[in-house]
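Chemist: With these hints in hand, go ahead and build the complete structure from the sequences.
Taking my numbering, I'd label the letters of the sequence shown as residues 1 to 458.
Just so you know, not all the hints are guaranteed correct.
Listed below are the simulated DSS-like cross-link pairs for lysine-lysine, each with C-alpha atoms no more than 30 Å apart in a straight line [what the hints assert, rightly or not]: (1) K249 / K236; (2) K49 / K213; (3) K49 / K243; (4) K249 / K224; (5) K213 / K383; (6) K224 / K236; (7) K322 / K196; (8) K119 / K224; (9) K390 / K119; (10) K198 / K383; (11) K383 / K119; (12) K243 / K133; (13) K133 / K249; (14) K196 / K213; (15) K49 / K390; (16) K236 / K49; (17) K236 / K119; (18) K198 / K49; (19) K236 / K198; (20) K224 / K213; (21) K196 / K119; (22) K243 / K213; (23) K196 / K49; (24) K224 / K383.
Ranges between beta-carbon positions, derived for each pair [what the hints assert, rightly or not]: (25) L203 / V381: 26 to 32 Å; (26) A134 / E404: 28 to 34 Å; (27) P352 / E108: 16 to 22 Å; (28) I421 / D61: 32 to 38 Å; (29) S136 / N223: 46 to 52 Å; (30) E212 / V381: 23 to 29 Å; (31) T211 / E232: 28 to 34 Å; (32) A134 / A346: 53 to 59 Å; (33) A134 / S359: 36 to 42 Å.
Honestly, the hints are just simulated from the structure, not real lab data. Glycine included, each C-beta is placed from N, C-alpha and C at the ideal position.
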Amino acid sequence: MKKNYLFLALIIISVALSCSKKSNDDPKSETGYTVMSNGRDPLIVAYSKGADSIDFFGNRDANGVPLIINTIVVRTNNDTTKVLIDDLGRPTNIFASNGIQFQFNWLEEQIAAVTVISKDGQQQINTVADFSKAPSGRLPVNTKNRRAGKRSSIQFIPHNNRLGNSTAGAKDASDVQVNLSACGLPTDGNVTVYLKSKSGNNLGYFPAYSTEKGKYIAQVPTNKAPSFNPAEACEKIAGVMGKACYVTKVPGLPLQLCAYLTIAVALTEVGAPFAPAVFEACASATTALALYCSTLGAGPAPGAPSIATVLCESSFLNREFKEEIYLYAGVTALPSDVYSPWQLVAGEGPFPILSLGLSSTTTIRSLTLSPASPATGEAYVAKADIYCLKTGATVTLSIIGTDEYTDSETTTITDAQKDGIFTLNVPGAETGIQDEVTLTITQPDGSTLTRTANLVFN
Numbered sequence: 001m002k003k004n005y006l007f008l009a010l011i012i013i014s015v016a017l018s019c020s021k022k023s024n025d026d027p028k029s030e031t032g033y034t035v036m037s038n039g040r041d042p043l044i045v046a047y048s049k050g051a052d053s054i055d056f057f058g059n060r061d062a063n064g065v066p067l068i069i070n071t072i073v074v075r076t077n078n079d080t081t082k083v084l085i086d087d088l089g090r091p092t093n094i095f096a097s098n099g100i101q102f103q104f105n106w107l108e109e110q111i112a113a114v115t116v117i118s119k120d121g122q123q124q125i126n127t128v129a130d131f132s133k134a135p136s137g138r139l140p141v142n143t144k145n146r147r148a149g150k151r152s153s154i155q156f157i158p159h160n161n162r163l164g165n166s167t168a169g170a171k172d173a174s175d176v177q178v179n180l181s182a183c184g185l186p187t188d189g190n191v192t193v194y195l196k197s198k199s200g201n202n203l204g205y206f207p208a209y210s211t212e213k214g215k216y217i218a219q220v221p222t223n224k225a226p227s228f229n230p231a232e233a234c235e236k237i238a239g240v241m242g243k244a245c246y247v248t249k250v251p252g253l254p255l256q257l258c259a260y261l262t263i264a265v266a267l268t269e270v271g272a273p274f275a276p277a278v279f280e281a282c283a284s285a286t287t288a289l290a291l292y293c294s295t296l297g298a299g300p301a302p303g304a305p306s307i308a309t310v311l312c313e314s315s316f317l318n319r320e321f322k323e324e325i326y327l328y329a330g331v332t333a334l335p336s337d338v339y340s341p342w343q344l345v346a347g348e349g350p351f352p353i354l355s356l357g358l359s360s361t362t363t364i365r366s367l368t369l370s371p372a373s374p375a376t377g378e379a380y381v382a383k384a385d386i387y388c389l390k391t392g393a394t395v396t397l398s399i400i401g402t403d404e405y406t407d408s409e410t411t412t413i414t415d416a417q418k419d420g421i422f423t424l425n426v427p428g429a430e431t432g433i434q435d436e437v438t439l440t441i442t443q444p445d446g447s448t449l450t451r452t453a454n455l456v457f458n
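Modeler: Here it is as structure tokens:
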């Protein structure tokens with residue numbers, strides 16, 4: 001029996017911006033903003049007001065001037081949401097504090113294929129959301145079968161697991177290199193470097209960025225950084241910050257996301273505890289999107305100061321670490337995050353290479369369908385990204401369509417297939433046909449892992 005989950009996520013958040021003049025020598029800014037003036041600091045601007053805080057991370061040029069925002073971390077009501085954005089300011093990944101992960105594949109300016117993955121990585125739902133309008137309800141289902149007699153085909157594509165010069169040091173004394181592996185092989189992940197004082201106080205966290213497979217670099221601000229005067233570049237910083245809010249172009253994103261996911265949950269019949277966790281995470285995600293956009297001056301009240309004016313009136317902070325500090329790294333992982341041991345190091349660097357090893361347990365990284373909303377008669381590809389497969393395990397990809405089309409393909413794992421992508425080419429169907437693709441991994445001991453994904457031919 002199908003369960004209908006009704007969920008309303010409409011959160012209107014307004015953040016008042018003070019326009020009082022503030023000396024740059026004061027520890028806290030009355031505007032709520034602190035502009036980081038160290039030319040090597042990946043944290044561009046920090047915002048804090050009451051129980052809410054927002055950190056904007058990004059890249060700088062050789063002179064320390066910010067170029068782009070790529071990571072935003074929002075903390076509110078003891079809830080932390082991390083948002084990764086692309087060069088256009090569009091969210092690509094959202095990590096909720098309850099472990100739910102959102103992935104966005106933008107098809108058009110207003111349309112995205114959205115995938116939601118459970119904390120344990122064993123369940124997912126996916127939908128195509130047109131944020132220019134509210135969802136009309138359950139999609140019409142067609143049962144006309146144009147695929148009778150056609151077969152799908154499975155293929156294995158191994159990952160390129162060669163890690164360049166993984167033992168080489170970071171390129172700069174203030175860089176922290178983190179090597180990430182899974183099942184003894186270099187892998188990709190969401191890596192962060194953390195600093196603590198010798199007394200255990202948090203000194204900051206620094207998102208790390210991939211330079212090659214399995215190799216990540218995080219910048220730590222030091223006294224060797226280039227000089228940078230934020231007061232002379234307020235407009236530049238404001239321009240970079242303004243691009244971080246895609247909601248100005250797609251105002252329906254924080255308003256309609258949860259509505260689309262509510263329908264997807266009903267269509268895929270997922271139940272507790274995944275469905276309630278999705279709704280909780282979606283509320284956190286939409287709150288984070290609305291909150292950080294409001295701090296960037298999206299839709300300011302008439303007569304309110306511009307974001308450039310506010311930033312120029314804010315405090316500036318040149319972070320440096322001169323004493324010994326504790327250094328460690330962490331990576332987002334399923335079912336729980338993984339951290340490296342703490343190391344006591346000189347605050348000015350150079351820093352040691354940190355290593356993170358994910359579990360050797362067989363894990364489904366992702367199950368994606370491409371295109372996410374195929375046209376009538378258009379074939380699509382199901383891709384299952386898996387690592388740490390055991391020799392002798394079997395991987396099965398199966399399809400069930402509402403047109404009564406069914407197919408299933410199985411491959412047995414050899415020693416050379418422990419890590420890679422399994423693809424299944426599926427023939428096209430009529431508009432309105434819904435396909436459910438199921439990935440099943442059967443281990444040599446008989447235990448199984450499964451994940452499903454759905455699409456509707458548009």
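Chemist: Work down the list of hints and note, for each, if the structure agrees.
Modeler: Results for each hint:
1. K249 / K236: Roughly 20 Å separates the two Cα atoms, so the pair holds.
2. K49 / K213: Status violated; Cα separation ~38 Å.
3. K49 / K243: holds (22 Å)
4. K249 / K224: Between K249 and K224 the Cα gap is close to 39 Å, so the pair fails against 30 Å, i.e. violated.
5. K213 / K383: This hinted pair holds, its Cα atoms lying about 19 Å apart.
6. K224 / K236: holds (23 Å)
7. K322 / K196: Satisfied, since the Cα-Cα distance of roughly 13 Å is no more than 30 Å.
8. K119 / K224: violated (41 Å)
9. K390 / K119: holds (23 Å)
10. K198 / K383: With Cα atoms ~46 Å apart, K198 and K383 exceed 30 Å; violated.
11. K383 / K119: holds (20 Å)
12. K243 / K133: holds (23 Å)
13. K133 / K249: With Cα atoms ~13 Å apart, K133 and K249 stay inside 30 Å; holds.
14. K196 / K213: holds (28 Å)
15. K49 / K390: Cα-Cα ~50 Å, so violated.
16. K236 / K49: holds (24 Å)
17. K236 / K119: It is violated: about 39 Å lies between the C-alpha atoms, which goes past 30 Å.
18. K198 / K49: holds (28 Å)
19. K236 / K198: violated (37 Å)
20. K224 / K213: holds (29 Å)
21. K196 / K119: holds (27 Å)
22. K243 / K213: Status holds; Cα separation ~28 Å.
23. K196 / K49: Cα-Cα ~24 Å, so holds.
24. K224 / K383: violated (46 Å)
25. L203 / V381: 26 to 32 Å: violated (46 Å)
26. A134 / E404: 28 to 34 Å: holds (32 Å)
27. P352 / E108: 16 to 22 Å: Hint violated: Cβ distance 45 Å, outside 16 to 22 Å.
28. I421 / D61: 32 to 38 Å: Between I421 and D61, where Cβ atoms are some 36 Å apart, the hint holds.
29. S136 / N223: 46 to 52 Å: Since the Cβ atoms of S136 and N223 sit about 58 Å apart, the hinted range of 46 to 52 Å is violated.
30. E212 / V381: 23 to 29 Å: holds (26 Å)
31. T211 / E232: 28 to 34 Å: holds (31 Å)
32. A134 / A346: 53 to 59 Å: Between A134 and A346, where Cβ atoms are some 56 Å apart, the hint holds.
33. A134 / S359: 36 to 42 Å: holds (41 Å)
The structure shown violates the earlier hints numbered 2, 4, 8, 10, 15, 17, 19, 24, 25, 27 and 29.
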